[in-house]
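Enquirer: Residue numbers (the working numbering), protein chains in the order written: chain C, 1 to 250; chain H, 1001 to 1375; chain V, 2001 to 2387.
Hints are computed from structural coordinates only; laboratory data are not their basis.
Predicted model only: the values in this text are computed from it and were never measured.
The beta carbon of each residue, even a glycine, is placed where N, CA and C say it ideally should be.
Watch out, some of these pointers could steer you wrong.
[As the list claims (entries may be wrong)] If you only want the chain V side, here are some residues facing chain H, beta carbon under 10 angstroms, derived:
(1) K2117
(2) Y2182
(3) G2197
(4) T2316
(5) M2321
(6) M2323
(7) I2328
(8) S2329
(9) K2331
(10) N2350
These are the residues of each chain, in order.
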Amino acid sequence: MITIEHLKKTFKKNKVEAVKDVSLEIHDGQIFALLGPNGAGKTTTMRMLSTLLDPTAGTIRYDGKLLEQSDVDIRRRIAFLTNEIRLDGQFTPDELADYYGRLYEMTKEQIEKNRDKLFDYFGISEFRDRRYETFSTGMKQKTSLAICLLHDPDTIIFDEPTNGLDILTQHLIEEYLLRLKSEGKCIILSTHILDLVSRMADRVGVIVDGKSVFCGTVEELPQAQGVNTLEEAFIKLYKENHEEKAIVGK
Amino acid sequence: MHNRHVLHVMASEWKKTRKTPVQLVMMLLVPVLSVLFLSWGMDYILGISSHYKAAVFFADDKAALAEEVLAGEYPYFSFRNGDKEDAKDLIYEGKIDTALIVGEEEIRLIYDSSLLNSSAALKDSSDIAADLSMLLEGKEYYDGMQLFYPKEELIDMSTPMDKLQKHIDQLAGVVGMIVFLMMASNAMTISARSITGEKERQTFDTLVLCPAPLRKILLGKMLIMMAEIFLSGVMGVLAAIAGMAIWSRKNFATICEQAGQDGLWILVLILLLLAVTMAVTAIFTFIGSAFSQTKKASLFSSAGMVIVSVAAMLPTFLTTDLVKYIPMANWTPSILDICRHDIHFVPLLVALLISAALLCISMILSTGLWERTSE
Amino acid sequence: MRKKPSSVNKILHGMHQIFSHEMRKIMKEKSLLFGFIVLPVIMLLMTVGISMLQPKDPQTAEAYRMYFYGLEIDSYNIGTMDEKEIWIEPVKDDPEEFMKSGDFNRCDVLVDYSDIKNVRIYYFESDDVSSYLKMSAESFVRQSYEEIYKDMFPDITFRPLSTEDIKQKDDTNRMIAMLLPYMLILPLTANIANFAGDTVAGDKARGTFYQVMLSPVPPISLIMGKILSVSLISLISSGVYIGCDVLGSRICESLGIKDAFGFAGVHVSTPQILLILLYAVLLCYLFANLGVLISLFCKDVNQAQTAQIPVTLLCTLASMMSMFRLGISPKSHYLIPVYNICLIFQDLLNARAKMGNMLMVALSLLVLAVATLVVTLLSYKSEKVRI
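With these hints in hand, go ahead and build the complete structure from the sequences.
Expert: Structure below.
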């Protein structure tokens, strides 16, 4: 279980307060969807969750353990995939699996077993000797996903996982996420696709202007806002919580 | 109509530079700081090695006597009590260049002919050896000898400018080299960003799709690159003038007296920098357009830097007047001409024409390469 | 159950993984090897070419002359200098008139004995040859008087002056000894800057850096793995450069022709060889680490390269300044990083390197290397690196 309390992040360089106050509770064996408009602070929150960024204030606990105290151990248990993260183009999926597997201190047998399983599932096996840079966008995303999951993480953090992918690949990834969920893994998704949230997520958190304004089950979100659909609930929440910036001179 | 495209590309490229603070620092501040540091360093290094340091060693505690009598006449000699080993130690430690060890039977002179300073001390050493020989025979002989000696009058026929020539030769050489390297470094990064970078960032396709011909876009990029590296060259030259005014005021005054008679020196400097700018732009545009990855372009740019560095070094080794016609190599001879106020415009213009020709060739080749490597 | 590895083992394991991955990456880019292997060799050949060119000689006179006015002497040859003869010549015309005539060159000297108690020597201080001839003229004047003096006081026994040249090597290759360090440092710094920029800033731009940052590899392993891979390839590059140079010298020696590579006659002891290896390792490491440190704060290769120019330039300046030393440098100069490498390299080529100085160079590089590593590790935690 991941507990986030009053998380805050102010970037030192430009003093931008990307995350102001985010508190969330994410349970194991569930898919948690993080919703919010562009620039709301979702990616920054996910980067803090994945240990890439240190929070300015607030705490993140993985099963009660403070993140800053055991970030190396936590890194061993998580996977983080965004569109910004890519793999070295000169290498083949096999070479990449070998490299990242070893970075996670896996044995050769473990690497081979997990790699074959994932490559077979995502249909990478027949391209395993081809350079990553020669792959199509979908193929690259599938390879990145397979490499990310190679060390069998307990927590999987995905920033817009199906963005820009064809329907077949999207379906394949969604299927796999559901399979991971059934294995008791904790999955955190950041997405704009509300349809995906309603189909897959168990719980949802909404962030507006760097503040968490809702955290509960998918069913609770429209109920709490007194509307019928997720979309309506999201828009309502946004309108209620978004601070209009004053326009100088108007 | 097409010229508007060129101007538009230039404006957009300049905007990109303006928004890259590191590039601005590299273009405006680093040339100034490097050349100022170089001027100071040259002054310091040439200052500490402008004359030799020698020492006379006495085994029998006569150092004080010798110092009293000879120190005035031989200012670069010190007088110590000690033996050959002490002398060698001091030479190896770099504290002295030459040593004389006064023995009962003979005077031994230790020097290192591979060191210029040490060799320079040789003649004075043989003179001081003769004087010591007499001094140690008994003071009365020495005094008698002094009276007997003629008065020697040394008349230096060199003009102040003649004396400066060597200094200017060295300074112009290194300043030129560093200013050119600076311009080349800037050209390398600008070319990597604005020419190779278009392909790496995958913005090249957008350029191909727009109605302006590719060669016009490249021309715009080249022109702004020229303007930027010319500016960095100007900054470097201004810093060199400032450095000279600060650290070698006397030399600076002499040069001003000669060169400052009219404003021609400004024109010569502009022509020189323009030739360098065009040659450097030609080299780095060609390298930049030949690759689709910045790291590869940069790697091959090192070869470009070497060409620039060697061209700048040529006048140090070549006596022929031919160097005056080669862009970059014509720097030092032309600076000497400025200092002597003996300016020849024909070689300057020929060098400029060679640079312009290089630029045209590079322009033609680069357009083709740029298109090809994007496929 | 696998035994839990100790933290040192973890660091070493991570470092090994990153290092071998980076090396494989470099090896896969064949064209990149051009910069490290082919370019230094081209540079070396160019250096040799330049050093074989004759240094410029502004003198156009067929011979150098010392003119004497007021002495009854015959003209005679007293030796040669720069393959030109030096002649003693009597002058009949008035010195002032003679100097205005075309016979008196800038490289000549005129000694006016018209007043025996006030000898005048006319010369050109700005001209090296004239200055040298002036010194000879001074000696001539002294010697002539000494001879007269000796005749007057025959009981004086003059101590003879014996000279001992302690140079340890034929200095005909002074030019290459002066050029080599500069010609090695320039491409080395430029190449390392490119590679270091690519391995960190390039990875950041391509998005592959974050994937490694997310793994449980300790920061020191990640940083060291990357630095060591760049260091190794640059070390190989310097090795090829120096190796070609030494080989060139050996070939020249065995063919009995003039050594254009500068290494002939240089004898290096085993401890010196070990120290040279240490310098090479430390220098390559230092440049690589500086490159990595700067690149950590850059978003892409281009930015990294631009930011690294001052370092490259500073190294170029340092090596350039080493070209102007005329004597043995003070001990303190052996503590200035990069400049000291050039000094010791020149000393080695002139067979003048001292163990004490060599140790000082190693020490200064070591201190700087450790300091740079510490700063890099501290910087790794910076937010700017992780955005």
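Enquirer: List, from low to high, the hint numbers that the structure doesn't satisfy.
Expert: none
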